[in-house]
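Listed in order, the protein sequences are those of chains A and B.
Sequence positions in the first sequence follow the working numbering and run 1 to 89.
Sequence positions in the second sequence follow the working numbering and run 1 to 379.
You may find that some hints are simply not true.
[Stated by the list, open to error] Only pairs whose alpha carbons sit at most 20 Å apart, straight line, appear in this in silico EDC-like list of lysine to aspartate or glutamate:
hint, chain 1, residue 1, chain 2, residue 2
1, B, 70, B, 48
2, A, 13, B, 244
3, A, 13, A, 34
4, A, 13, B, 239
5, B, 70, B, 100
6, B, 70, B, 47
7, A, 13, A, 33
8, A, 13, B, 242
9, B, 70, B, 118
[As the list claims (entries may be wrong)] Calculated Cβ distances over 10 Å to all of chain B for the following chain A residues:
hint, residue
10, 9
11, 11
12, 44
13, 57
Derived from the structure by calculation, the hints contain no laboratory data.
None of the values given here were measured: they were computed from a predicted structure.
C-beta atoms are modelled at their ideal positions from N, C-alpha and C, and glycine is treated no differently.
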Amino acid sequence: MSLRVAVCGSCGKASFPPPFLCPACGAREWREEEAASGTLEAVADRGEVRLGAVRLPQGPLAIARVEGDAEAGAEVSLSEDGDVPVARA
Amino acid sequence: MSRVTNAVIVGAAQSPYSRHPPEGTTTGSVLADAFVRVLEATGIRREEVDGLGVASFTLVPDRAIDLAWKLGLRPRWLMDDGNGGVSGIQLIQHAMRALDAGDAETIVLVSGDHFTREDFTRLVDNYNRTTAQYLAGIPHGGPNALFAMLTRQQMERHGLERADYGRLAVAQRRWAGLNPVAVYRDPITLEDYLAAPIVVEPLGRLDCVPVVSGADALVLRAGGDGVRIRALRALHNWDGQEGDGLQTGLSQIAEGLFADAGAGPEEMDVVSVYDDYPAMALAQLVDLGYVPDGDLSRFLRERIDEGRMALNTSGGQLSAGQAGTAGGTIGLVEAVAQLLGQAGDRQVSNARLALVTGYGMVLYRYGGCANAIVLEGPS
Ligand SMILES: [Zn+2]
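Chain A with its partners taken away, still in its complex shape (with noise of 0.2 Å):
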C-alpha cells in the first residue's frame, strides 16, 4: 500500500507524475521508489468526492482522492486505485 514515486537515476530527483527527462538534470533512467504515507496540504470537497493535494516524502505534490474526513495538516497514508493516488486519514 504505497504511491509510487518516479526518482532520477542520476541525480536524486523525485518527480510525480512521472516525465521523460529529469527537470534537474536531464537524464531519462529512473528507478521507482514507494511513498507510503505524505501530508495532506490542500482539500477540496466536491461533495460526491474530495481531493487533496498531498506532499510526499520524496518531495513532490501529488493530488488524490481523499477517502475519510482528513483535513489540510493530517498525515495520511497513500495507495493507488490504477494510477490513481488515493489518500486516507
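Based on the hints, put chain B with the ligand in the right spot on chain A.
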C-alpha cells in the same frame, strides 16, 4: 517608441457568444462566422487574406487547412494552435514574425469552440494525458477543484475572504452591462455573489466562467495603420509544476515586457488579464506589478471596487463567457476595440495603451502557460 514588429492589428470581431446556440451550430460554423465578421469590420476582402491561424479544442478532427478550404482561402501561411488560454497571443507571436518576414501580408486569426455536453465532458477528462491518467479517475470533475485549492491557499496567504473575490466579479459584471454581446449583463451585488450556490468551496458559481459557444477573430497586416504591438513576451512551464501555482510565468517576464514597451504597468489605459478564476486574475495582477505591497484586499477595494482600473472591460470571461479556446483571444478583441475607439458605451476615454495576458493549459495542478502583450492605438 520602440517596436518589436512592423505588423499591426487592423481589427477584431466576435461571433456572438451564446449559452444556447441554435440547432446546427458547429465549431466550424462559429469560426467561419467570426471570420466573416472580422472582414466586414475591417473592409478587407477575402481574396486579400493570405494567412490563417486557428485555435480550437473542438475543431478536431479538422485542422486549420480544413477551415481554409471551407472558407475558400489559399493561404501562404497556415497555423494551428491548441494552447487554450495563451493561444491568441501565441498566434500573434508567430503571425507578426511571418508578416515581418514576408511570408504573408494579411493574416486572419480565429479562435473558438462550440461544445455539446459530451464534448465538454470529454475535454475535461482528457484535457491532456496526465489528466486522463492521474486526475480523471479520482474523479476530479475538471479544473474547479484544483483552482478551489489554489484559491484557498491564496486566501490564507493574503488574508482574503470570499467577498474580496466578489469585488472583481461585481466590477466585471458592471462592465459586462455595457457590452451588448456579454452573455451575463444584469448587475450583481456583493450579496448576490456571496449567495450564489457553492461549486467547490470556496468557489461559488460566480467564480466560474459560463461555458458558451462562440468565436473571436483578429486581422493582422504587415504594416500600415492599426493597433501597434509594443511588446510581447511569453514564458511557459516556468516552474515545471513544482511551485504553488499562485505565481505565473508572468512574474518572470513582466520586467522585460514593460521595458520593451517603454511604459510601466500604471501607464496602461486598459488591462485584460486572463480570468478563468478570480484567484488567477489576481495572481497575474500581482505578477505584473499592480499590487506592489501585496495587499490584494486593499487593491480590490480601492482600484477595482471603485472602478479606478479599466480591467477586463468586456466583462471578461466571468461575465461575457468562455467560448473554449476563444478565452485566449477575448482580451485581445476587447483591447483592440478600446484602442480603435470602437468600444461603445464602455469606451475608456483616451485609451492609448493596453496590456493583455494569456494564461492556462493546466498540466497537472495549475496552468503551465503564460504570455502577455502591450498594444498601442493609432495616433
Ligand atoms: Zn536528475
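Original post:
Within 20 Å, alpha carbon to alpha carbon, are residue 70 of chain B and residue 47 of chain B?
Top reply: holds, 14 Å
**OP:** Quick one: work out the minimum CB distance from residue 44 of chain A to chain B and report holds if it exceeds 10 Å, violated otherwise.
**Re:** violated, 4 Å
Subject >> Holds or violated: residue 70 of chain B to residue 48 of chain B, with C-alpha atoms at most 20 Å apart >> reply: Measuring from Cα to Cα gives roughly 16 Å; hence the hint holds.
Subject >> Restraint status (C-alpha distance of residue 13 of chain A to residue 239 of chain B at most 20 Å) >> reply: holds, 15 Å
Original post:
If you draw a straight line from the CA of residue 13 of chain A to the CA of residue 34 of chain A, is it 20 Å or shorter?
Top reply: Distance of about 14 Å is within 20 Å: holds.
Original post:
Does the structure keep residue 70 of chain B and residue 118 of chain B at a Cα separation of 20 Å or less?
Top reply: violated, 25 Å
Original post:
Hey, residue 13 of chain A versus residue 33 of chain A, does the alpha-carbon distance stay inside 20 Å?
Top reply: holds, 11 Å
Original post:
Just checking, residue 57 of chain A versus chain B, shortest CB gap more than 10 Å?
Top reply: holds, 16 Å
Subject >> Outside-interface status for residue 11 of chain A - nearest CB in chain B farther than 10 Å >> reply: holds, 14 Å
**OP:** Please work out if residue 70 of chain B and residue 100 of chain B have their alpha carbons no farther apart than 20 Å.
**Re:** violated, 27 Å
**OP:** Please confirm whether residue 9 of chain A is truly not at the interface, meaning its C-beta sits more than 10 Å away from all C-beta atoms of chain B.
**Re:** Holds: least Cβ distance 18 Å, greater than 10 Å.
Original post:
Are the Cα atoms of residue 13 of chain A and residue 244 of chain B separated by 20 Å or less?
Top reply: holds, 18 Å
Violated hints, in rising order: 5, 9, 12; the structure is consistent with all others.
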